[in-house]
Amino acid sequence: MALLEVEDLRVEFPTRRGALLALDGVSLEINEGEVLGVVGESGAGKSLTGAAIIGLLEPPGRVTGGKIRLEGHRIDTLSYEEMRNIRGKKIGAIFQDPLTSLNPLYTIGRQLIETIRVHMDVSPEAARARAIELLGEVGIPAPERRIDSYPHEFSGGMRQRVVISLALCANPRLIIADEPTTALDVSIQAQIIALLKKLCREHKTAVMLITHDMGVIAETADRVAVMYAGRVAEIGPVKRVVKQPKHPYTVGLMGAIPMVGHDVERLTQIEGAMPRLNEIPPGCSFNPRCPKVFDKCRMERPELMPAGRNAEAACWQFDKGGRRG
Amino acid sequence: MTAYILQRIFQALAVMVVVAFVSFLMFNFVGDPVDNMVGQEASYEDREEMRDRLGLNDPFVVQFARFVGNAVRGEFGISYRLQRPVATLISERMPATLELVGASALLSILIGIPLGVYTGIRRYAISSRVILTLSLAGVSLPTFVIGILLIYVFSVNLGWLPSFGRGQATQIGWWSTSFLTVSGWKAIIMPSITLALFQMTLILRLVRSEMLEVMRTDYIKFARARGLPDRLINFGHAFKNTLVPVITIIGLNVGSLIAFSIITETVFQWPGMGFLFIQAVGFADVPVMAAYLVMVAAIFVAINLIVDILYFVVDPRLRVDRTVASGSGE
Ligand SMILES: Nc1ncnc2c1ncn2[C@@H]1O[C@H](COP(=O)(O)OP(=O)(O)OP(=O)(O)O)[C@@H](O)[C@H]1O
Ligand code: SF4
Ligand SMILES: [Mg+2]
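First to last, the protein sequences are chains E and C.
Taken in order, the first sequence gives residues 5 to 329; the numbers are from this note's numbering.
Taken in order, the second sequence gives residues 13 to 342; the numbers are from this note's numbering.
No wet-lab data here; the hints were simulated from the structure.
Note that this is a predicted model, so its numbers are computed, not measured.
Be aware that a few hints might be false.
[As the list claims (entries may be wrong)] Derived Cβ-Cβ restraints for the label pairs, each shown as a range: (1) E:5 <-> C:122: 26 to 34 Å; (2) C:139 <-> E:127: 50 to 58 Å; (3) E:146 <-> C:151: 51 to 59 Å; (4) C:136 <-> E:277: 34 to 42 Å.
[As the list claims (entries may be wrong)] Quick list of in silico lysine to aspartate or glutamate cross-link-like pairs, DMTMM-like style, CA-CA up to 20 Å: (5) C:233 <-> E:80; (6) C:233 <-> E:85; (7) C:233 <-> E:183; (8) C:233 <-> E:101.
Beta carbons: idealized from backbone N, C-alpha and C, even for Gly.
All chains should be modelled from the sequences, with the hints used to inform the complete structure.
So, in structure tokens, the structure goes:
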């Protein structure tokens, strides 16, 4: 059983002119302790998937279909209060901008101790000791002194380390890291990713790593999910996806050899742009841009289907019953 | 930190000197003080002698220095109209005004802040919409209209509350308070509500919009993602981050309460400084006007100073040395 199973997840935004279907049947799994990379163009639905999993979609956005299971139990049907006990304790999150992720008016120690004590039944002293230990683990020098500093007394990279310690402090099984290094200086991005990977391996925490950076995915992830227009286009082990992409969209993405620092936007060699939510064509949403398009693609929407060894892709080319046109 | 506070105190003093100068000019250019004292019949010699005695023939700077020296000791001369020392008049009237302003400030803060937090958090609740709609009335109705309405309902029609005065005041040293008698409590209800209403709605709306703003920030999202309970997020993380603007507005609030108290005191014939001032204006009673101006300015400046120091207590980012902070980080 996978740690997290997302099945046919749908997220809608009600608008005056009908509902916008922002996620249209996202399915993916994350196993214990693995790093799942999530890539895709801006607006593909990566952040929404993460927010839906942790139960923090911004209203009016809401889950209108599908199932989310954590350790085999449905979590999409839990109340806000029940879900609160899962957040931080079972599923942690790290956001993009470390400069704004910490409350400027509280010391980092206070924020850590508060979080630890919400999830664990420990004394303030024990929580403080744990906080100092965590700060040491994430590489804050002299943690016993720095614990009483305010966020503005740290640099961006150091703040993201503090954020990581906060996300990890109750030992969650899964961390959703939404572009955790995008806002950072290029020179420290690799350090932060390496730290995240190391810590999660040590704590056996799985990571859903959302990023534009194919290089980071190639180096860090075990498996990768490629998203396009609110769906998963392809999912599989990262080596296989990079070397032998199956879905025409992934093929386009991998058209150039990925290197650290090159993001998906710039790698894209595909003509055209991802359709807006209210203009998604019938059939396969990629069909207007697809070099391999055939008749069926314009009529029916492909679900994720086996596409060879270790490969799943949402593309009619791999439909065993059907034929290429 | 001490440098910051010293700087603020220095600024406050500078403001006070300017205010003193303005009220000093008022003495010299609004009517002739000698006229006001000796009357029209006095001879030219009498007047000159009087001018000498009062020091009005001294150089300008000397006169100003003397004025400031007197003002610091609370001496503003004799009221033209009442023929009593201004200092005595003011000290008789000040408690009434300060009690009214204090009661209104407490009302507007103790009601405005919780309602602001509530409507900020329960954004879509019907109760929030009702509160907001009602608060519009508070913002748009002029103070005197509210006062007159209250008087009409509770004094004229129902006869529950007195329509003027401050009831039976009790003297404690030089301070006279209306909080020790039932009639005093009854008397302060309507004036303080009248005065508080506008400020209360202002605070409510400000706290609400600040809460909405803060609720959108990343650190609140991250606090949610860590599973912190709403109680901690709303009243700890979120509310505390609204405090800097809220403290600012409360500071301004107390200031404008003093300013608006002139109207309220007139409507309710409240025996405070504002009422005294309005009467003084009618008679061109310059010493009283000048003293009122300096007093009110001193209170404003003191409030500002307190607000600046509170910023400091609330926001750790201000506590760093300016020069270090600008190149902050590592
Ligand atoms: N509040 C909202 N109202 C309407 N549509 C929204 C809202 N929030 C997100 N969307 C839409 O949902 C889609 C997916 O957004 P999401 O933030 O998940 O993209 P993303 O893949 O994370 O992109 P990026 O790489 O830019 O972060 C986008 O097309 C966006 O326009
Ligand atoms: S289903 Fe058709 S249009 Fe869609 S990716 Fe596959 S080949 Fe292209
Ligand atoms: Mg995103």
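Verification of the hints:
Residue 5 of chain E and residue 122 of chain C have their C-beta atoms about 55 Å apart, which leaves the hinted 26 to 34 Å range violated. As the Cβ distance of residue 139 of chain C to residue 127 of chain E is approximately 40 Å, the hint placing it in 50 to 58 Å is violated. At roughly 52 Å, the beta-carbon separation of residue 146 of chain E and residue 151 of chain C lies within the given 51 to 59 Å, and the hint holds. At roughly 35 Å, the beta carbons of residue 136 of chain C and residue 277 of chain E sit within the given window of 34 to 42 Å.
The straight-line distance between the Cα atoms of residue 233 of chain C and residue 80 of chain E is roughly 19 Å, inside the 20 Å bound, and the hint therefore holds. Distance restraint check for residue 233 of chain C and residue 85 of chain E: the Cα-Cα separation of roughly 16 Å lies within the 20 Å cut-off, and the hinted pair is therefore satisfied. With a CA separation close to 15 Å, the supplied pair residue 233 of chain C and residue 183 of chain E stays within the 20 Å bound. For the hint pairing residue 233 of chain C with residue 101 of chain E, the CA-to-CA distance comes to about 12 Å; that is within 20 Å, so the pair holds.
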